[in-house]
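S.K.: Chains A and B, in that order, are what the protein sequence lines are. The first sequence: position 207 = 240 (the numbering used here), numbered continuously. The second sequence: position 6 = 8 (the numbering used here), numbered continuously.
Since the hints were made in silico from the structure, they are not lab data. Since the structure is predicted, the reported quantities are computational estimates derived from the model, not experimental observations. Take these hints with a grain of salt, some might be off.
Here are the simulated lysine-lysine pairs, DSBU-like style, with alpha carbons at most 35 Å apart [to be verified]: (1) A/K88 - B/K80; (2) A/K177 - B/K242; (3) B/K275 - B/K115; (4) B/K304 - B/K51; (5) B/K158 - A/K177; (6) B/K166 - A/K177; (7) B/K330 - B/K166; (8) B/K115 - B/K205; (9) B/K307 - B/K166; (10) B/K115 - B/K80; (11) A/K177 - B/K240; (12) B/K266 - B/K242; (13) B/K284 - B/K307; (14) A/K177 - B/K205; (15) A/K329 - A/K144; (16) A/K177 - B/K338; (17) B/K111 - B/K158; (18) B/K115 - B/K269; (19) B/K115 - B/K307; (20) B/K275 - A/K88; (21) B/K148 - B/K51; (22) B/K55 - A/K88; (23) B/K338 - A/K88; (24) A/K88 - B/K63; (25) B/K284 - A/K88; (26) B/K162 - A/K177; (27) B/K330 - A/K88; (28) B/K47 - B/K63; (29) A/K88 - B/K162; (30) B/K338 - B/K158; (31) A/K421 - A/K242; (32) A/K242 - A/K416; (33) A/K88 - B/K269; (34) B/K205 - B/K330; (35) B/K266 - B/K284; (36) B/K242 - B/K205; (37) A/K177 - B/K148.
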Amino acid sequence: MTDQTLPLEKSAPIKPKLSRDDWVMRIFVLGIGLWLVVTILMPLYAMLSKAVQNKDGVFIGLQNFTEYFSTPALFNSISNSFFIAGISTVLTISLASVFAFILCRSTIPGKAVFKGIALLPLLAPSILPGISFVYLFGQQGVLKFVLGDYSIYGPIGVVMGEVFYTFPHALMILIAAFSIADARLFEAAVVLRTSRIRTFFTVTLPGIKYGLISAIFVVFTLVITDFGIPKVIGGQYNVLATDIYRQVIGQQNFEMGAVVSVVLLFPAFLAFAVDRFVQRKQVAMLTARAVPYEPKPHAVLNRIFFIYCCLIGIMIVGIIGMAAYASFVTFWPYNMALSLNNYDFDLMDGGGWDAFYNSLEMAAYVAVFGTTIIFTGAYMVEKSKGFKFMRGLIQFFCMIPMAVPGMVLGLAYIFFFNHPDNPLGIIYGTLPILVIVTIAHFYTVSHLTAMTALKQMDPEFETVSASLKVPFVRTFLKVTVPVCLPAILDISIYLFVNAMTTVSAVIFLYSSDTSLASIAALNMDDAGDVAPAAAMCMVIVATSASVRVLHALLTRGIARKSQAWRAR
Amino acid sequence: MMKSIILKSVLSSVAGVFVASAFAGAASAASELTVYTAVEAEDLKKYAKNFNKDHPDIKIKWVRDSTGIITAKLLAEKNNPQADIVWGLAATSLMLLGEEGMLEAYSPKGLEKLDPKFRDSANPTKWTGMDAWVASICFNTVEAGKAGLPIPTSWKDLTKPVYKNQVIMPNPNSSGTGFLDVSSWLQLFGEDGGWEYMDGLHKNIARYTHSGSKPCKLAAAGEIPIGISFAFRGAKSKAKGAPLEIVIPTEGVGWDMEATAILKGSKNMAAAKTLADWSITKQANEMYNEGYAVVAYPGVAKPVKHFPPQVASAMIQNDFAWAASNRKRILSKWQKRYDSKSDPK
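Only chain A is shown next, with the shape it has when bound in the complex:
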């Protein structure tokens, strides 16, 4: 059976017969491919093809690009985007990898609490840091003195906001990378009297290389495509994503918006290329004979680690706490009386509490369907045999959503799904389209998380199953899913909380029956009701946090059972 891994094209004469499993897997691979084509590729084509068209839809070649590239403001935006993305990436990755390392490889107390706090920013709509920073560091801010003569409205505010926003994204991938380690390697290092530092560079770092590189590109692309934070706090510091906003929302110039979107796709191509390159060198960390790593206590390091986690925790809680406080203040800064007025959403409108229930329903669907589709997809891409080209193509499709600003995806869905000739048009204006666009929007990080977990599993599991004639579905359900359960749970929570907070794609797609809480918050902020907006953000944070806790409690039993193999 193992000879199937031989390159098929070379061994044509002795080409092994494809088993039933292989066929089923291929059907699954095709199914996932089709899903991605319909929910990502075709809508994007509908939108991005406008880059080479004029207003009447006539093909005009690269004229739009010429026009765009002859605008001097563009170079500012490009260099600003790369500057912001570069700095934010370095900061986030450094902070998050240390944090992930501590959580997975040390014995400090309160790890669960720290992890919970560190993932809090995921629960907050993107306008929350914006609101919070204004209260903290704005002209009337309580911590304005920290920045001295510098203004929060500009690159400083944007970088701070982006680090806050991307930290948990990076952390999730890095934890997945750190959490699977083969203790035998560390034991060997100890036996060979390797210093801790050397062990770090020769055992720890190579083990997380794949996750680290994924995290770097995720953060970089998240920052470069995010328009929420630069819009709120960036002042007139223009970046590519706000350029799209100006073209599309300010001037209704879809063609130019498409041009900028195409420019933004380049980081995705880069990420894909690097991913391919690294992947070729990645070796499974968790072989079938692996022994799970058990961190050993170290008093001094533990103290430093603990302080580090506290500092990060305080910053995150401080930012969210500020918004929470502001949500109770009647009118900042001129009437500081505390009240619950801002929570009376039905008076405020913008969807009221109905919007909140819609959000809840949508987020639940996104979590269930999204996790199923994404994890199955990742498994098929990673573990099926042959079919290399198709799998590579799918891997590439999975990287695309990352590089597409939500706003572009939202418009793309209008152009594609609302086309009169599209039979899928029936879902337009309904809850399912919101579910589908949200799954598509957050596909990449979930996919990378799943891949990171799957890659660390030895292909021997499949090979052994295959030789024992166990259908792969059984291996998938009995081995892969239980082993990867932590990653699967992380993905479902990630999808849930993002569905609760997402704005940019769904803002074009919701209808009167399907307004959402995150959009209500944005609209309240837009209408000048900053405190109610902060209040709605807090309701979203509280909900996602409760679901997280509930999720953790419910699954603890399952996890203990399925992760029993980790104990020695």
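Since the structure of chain A is already known, use the hints to place chain B on it.
M.R.: Just chain B now, with coordinates in the frame of chain A:
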């Protein structure tokens, strides 16, 4: 077999989503109107309630968002419009839709009673106005007091050196309100005078925002003493307790109007026409007047609390056609002159 179970469950769940959506699509009754709007969310219930007093059989389904988003959504849906009617969107946006051939030509009953300024000049009309949306300066008296700034009374005042870095205005490339300001200065001061004015103003601008209401919000929150925005937003913030003075510059102010238009190809044409008719009635205008000082129906407007009384007389003769046809040129010139300033202070 395990795999068939998985297959089945995946397939049935996917099918479930589609079936559910099909039902959702079929459930909409004939008397439901899908209305796109940029009217303040808090006013929508009132608008629907008042309309339903006269027409209880027509249910309004609102889709509300900011002007830019709604306009982009309408244009993106051009091939298959979802809205039956637009009630409360900037007239300049509706003109854009009109150019794309998306609007139904229909003169609502009672059109002749409206101020001619507030209706499309074509006959039959493609859109009719509701109320005016007037540029103004939001001036935070508390913050200005701290910085020792005098209250400005004219646009020209804002170019004085004393206001250096104390003014915020919307970027016309992102915001319709910003464009309205720029086009009004070009009309007021002439093409050369207008750009010269903006050169002077640019020196005092702390930063340009993406949203048109933001400058006034920032002024209300004390983030900046002076925000160039529109009067309606200023009045709202003032009502909430912000120490704002709403200044109508003496040279006159630019304005746009909220307007109503029926989408071509609406499947509920009769109901849409009923709403269009109602939207220009006297009662409707009295309702608009609760928030807006200047409305389309002459003789209706009463002074609105916190609104400067001289608003109506300060409105310039806004040449919308000129502004629309020169928009692209103005915006690219503006961007070349002012937008490359990337380092905020």
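S.K.: For every hint, state whether the structure bears it out.
M.R.: Tested hints:
1. Between A/K88 and B/K80 the alpha-carbon distance is near 12 Å, which keeps this suggested pair within the 35 Å criterion.
2. At roughly 25 Å between alpha-carbon atoms, A/K177 and B/K242 fall within 35 Å of each other, so this suggested pair holds.
3. About 17 Å separates the Cα atoms of B/K275 and B/K115, which keeps this hinted pair within 35 Å; it holds.
4. At roughly 22 Å between alpha-carbon atoms, B/K304 and B/K51 fall within 35 Å of each other, so this suggested pair holds.
5. For the proposed pair B/K158 and A/K177, the alpha carbon gap of about 32 Å is at most 35 Å, so the pair holds.
6. Taking the CA atoms of B/K166 and A/K177, the gap is near 20 Å; set against the 35 Å cutoff, the hint holds.
7. Restraint check: the Cα-Cα separation between B/K330 and B/K166 comes to about 29 Å, which is no more than 35 Å; the hinted pair holds.
8. The suggested pairing of B/K115 with B/K205 is violated, with an alpha-carbon distance near 45 Å, which exceeds 35 Å.
9. With a C-alpha separation of about 31 Å, the suggested pair B/K307 and B/K166 falls inside the 35 Å cut-off, and the hint holds.
10. The suggested pairing of B/K115 with B/K80 holds, with an alpha-carbon distance near 32 Å, which does not exceed 35 Å.
11. Restraint check: the Cα-Cα separation between A/K177 and B/K240 comes to about 25 Å, which is no more than 35 Å; the hinted pair holds.
12. Taken as a hint, the B/K266 and B/K242 pair is broken in the structure, with Cα atoms around 40 Å apart against an allowance of 35 Å.
13. With a CA separation close to 20 Å, the supplied pair B/K284 and B/K307 stays within the 35 Å bound.
14. At most 35 Å may separate the alpha-carbon atoms for a hinted pair to count; A/K177 and B/K205 meet this at roughly 24 Å.
15. As the CA atoms of A/K329 and A/K144 are separated by approximately 14 Å, the hinted pair is consistent with the 35 Å bound.
16. Among the hinted pairs, A/K177 with B/K338 is consistent with the structure: their alpha-carbon atoms are about 33 Å apart, no more than 35 Å.
17. Of the pairs offered as hints, the one joining B/K111 and B/K158 is violated, with about 43 Å between alpha carbons and a cut-off of 35 Å exceeded.
18. Note on B/K115 and B/K269: the hinted pairing holds, with a Cα-Cα distance of about 28 Å set against a maximum of 35 Å.
19. Note on B/K115 and B/K307: the hinted pairing holds, with a Cα-Cα distance of about 26 Å set against a maximum of 35 Å.
20. Proximity of B/K275 to A/K88 is assessed by CA-CA distance (about 30 Å); at most 35 Å being required, the pair is judged to hold.
21. Among the hinted pairs, B/K148 with B/K51 is inconsistent with the structure: their alpha-carbon atoms are about 45 Å apart, more than 35 Å.
22. For the suggested pair B/K55 and A/K88, the alpha carbons sit about 42 Å apart, so the restraint of at most 35 Å is broken.
23. Of the pairs offered as hints, the one joining B/K338 and A/K88 holds, with about 23 Å between alpha carbons and a cut-off of 35 Å not exceeded.
24. Only pairs whose Cα atoms come within 35 Å are accepted, and A/K88 paired with B/K63 is accepted, the gap being roughly 30 Å.
25. In summary, the hint linking B/K284 to A/K88 is not supported, as the alpha carbons are separated by about 39 Å, beyond the 35 Å threshold.
26. Using a Cα cut-off of 35 Å, the hinted pair B/K162 and A/K177 holds, with the two alpha carbons roughly 27 Å apart.
27. Of the supplied pair hints, the one linking B/K330 and A/K88 holds, its CA atoms being roughly 13 Å apart against a limit of 35 Å.
28. The suggested pairing of B/K47 with B/K63 holds, with an alpha-carbon distance near 11 Å, which does not exceed 35 Å.
29. Using a Cα cut-off of 35 Å, the hinted pair A/K88 and B/K162 is violated, with the two alpha carbons roughly 42 Å apart.
30. For the hint pairing B/K338 with B/K158, the CA-to-CA distance comes to about 22 Å; that is within 35 Å, so the pair holds.
31. Using a Cα cut-off of 35 Å, the hinted pair A/K421 and A/K242 holds, with the two alpha carbons roughly 23 Å apart.
32. Restraint check: the Cα-Cα separation between A/K242 and A/K416 comes to about 20 Å, which is no more than 35 Å; the hinted pair holds.
33. Taking the CA atoms of A/K88 and B/K269, the gap is about 27 Å. The hint holds against a cut of 35 Å.
34. About 24 Å separates the Cα atoms of B/K205 and B/K330, which keeps this hinted pair within 35 Å; it holds.
35. Our distance criterion of 35 Å between C-alpha atoms is met by B/K266 and B/K284, whose separation comes to about 26 Å.
36. The suggested pairing of B/K242 with B/K205 holds, with an alpha-carbon distance near 32 Å, which does not exceed 35 Å.
37. This hinted pair checks out: A/K177 and B/K148 have alpha carbons roughly 16 Å apart, not beyond 35 Å.
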